[in-house]
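Visitor: FYI, the numbering used here numbers position 33 of the sequence shown as 145, with every residue one higher than the one before it.
Any given hint could turn out to be false.
[As the list claims (entries may be wrong)] Have a look at the derived ranges for each label pair, beta carbon to beta carbon:
#, residue 1, residue 2, range
1, ALA179, VAL209, 17 to 27 Å
2, VAL254, PRO177, 23 to 33 Å
3, GLY300, ASN232, 28 to 38 Å
4, GLU218, ASP246, 36 to 46 Å
Read the hints as simulated data drawn from the structure, not as lab findings.
Glycine included, every Cβ here is placed at the ideal spot set by N, Cα and C.
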Amino acid sequence: MAWGRGRAHSRTTAPPEPVEGGFRVAVGPPSEEVREVFHTYTPASLAEAAARLDRPGNQVMIAGPSALLASLVPPGWTMDEGGHLMTTAFAPARYAVPGGYRLAVETEGPLTVARAFHANGDLAASARLGRDGDFGVFDKVVTAPAHQRRGLGSTAMRALGAAALAQGMKFGLLVASDEGRALYEHLGWTFVSDFPGARSKPA
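Model the full structure from these sequences, guided by the hints.
Guide: See the structure below:
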């Protein structure tokens, strides 16, 4: 549940609630939609969970093959973009802020946010880190279109890693998209498991 708790801190939402084999989180507010995430399951228990959650907007995620999840959810559900659970061990590392930008890193409670600003004041990139004990969960790594391909996302990630290490965290976790996985592997992250999601049909 470290990923779920850290993600909740990142997004300042309610903490996850334990369920058998995983945990449940609120997708909203203001909606009443929920997501259940499973790391331990059987095909039967997964199909049962999806049937129980078969109401508009609810979601299921698993650590496991996308094809398995797709075969077990009710008709009308849609699969999300491929997700990949990844991890890293925090270690001292240098990073340089690209010319024409400045970087600000701020921590409030279990949340640390890195923001890169252009010289004109525009927010160029940002990334968030939610802490759960020894784990830091990276979330919402975003670079504005006008500032992409300048290493700002990587810089924000490295800055968060340095902040995490200074705060006593040992390991990083994130869920990457197909495109993001290649970037994070380049930064030294290790693939753990596919982490697909499916959502029930809209109302």
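Visitor: Does each hint hold? Answer for all of them.
Guide: How the hints compare with the structure:
1. With their beta carbons about 42 Å apart, ALA179 and VAL209 fall outside the hinted range of 17 to 27 Å.
2. VAL254 and PRO177 have their C-beta atoms about 28 Å apart, which keeps the hinted 23 to 33 Å range intact.
3. Between GLY300 and ASN232 the beta carbon distance is about 32 Å. The supplied range of 28 to 38 Å therefore holds.
4. Range check, GLU218 to ASP246: about 22 Å between beta-carbon atoms, so the 36 to 46 Å window is missed.
Hint check: violations occur at hints 1 and 4; the rest are consistent with the structure.
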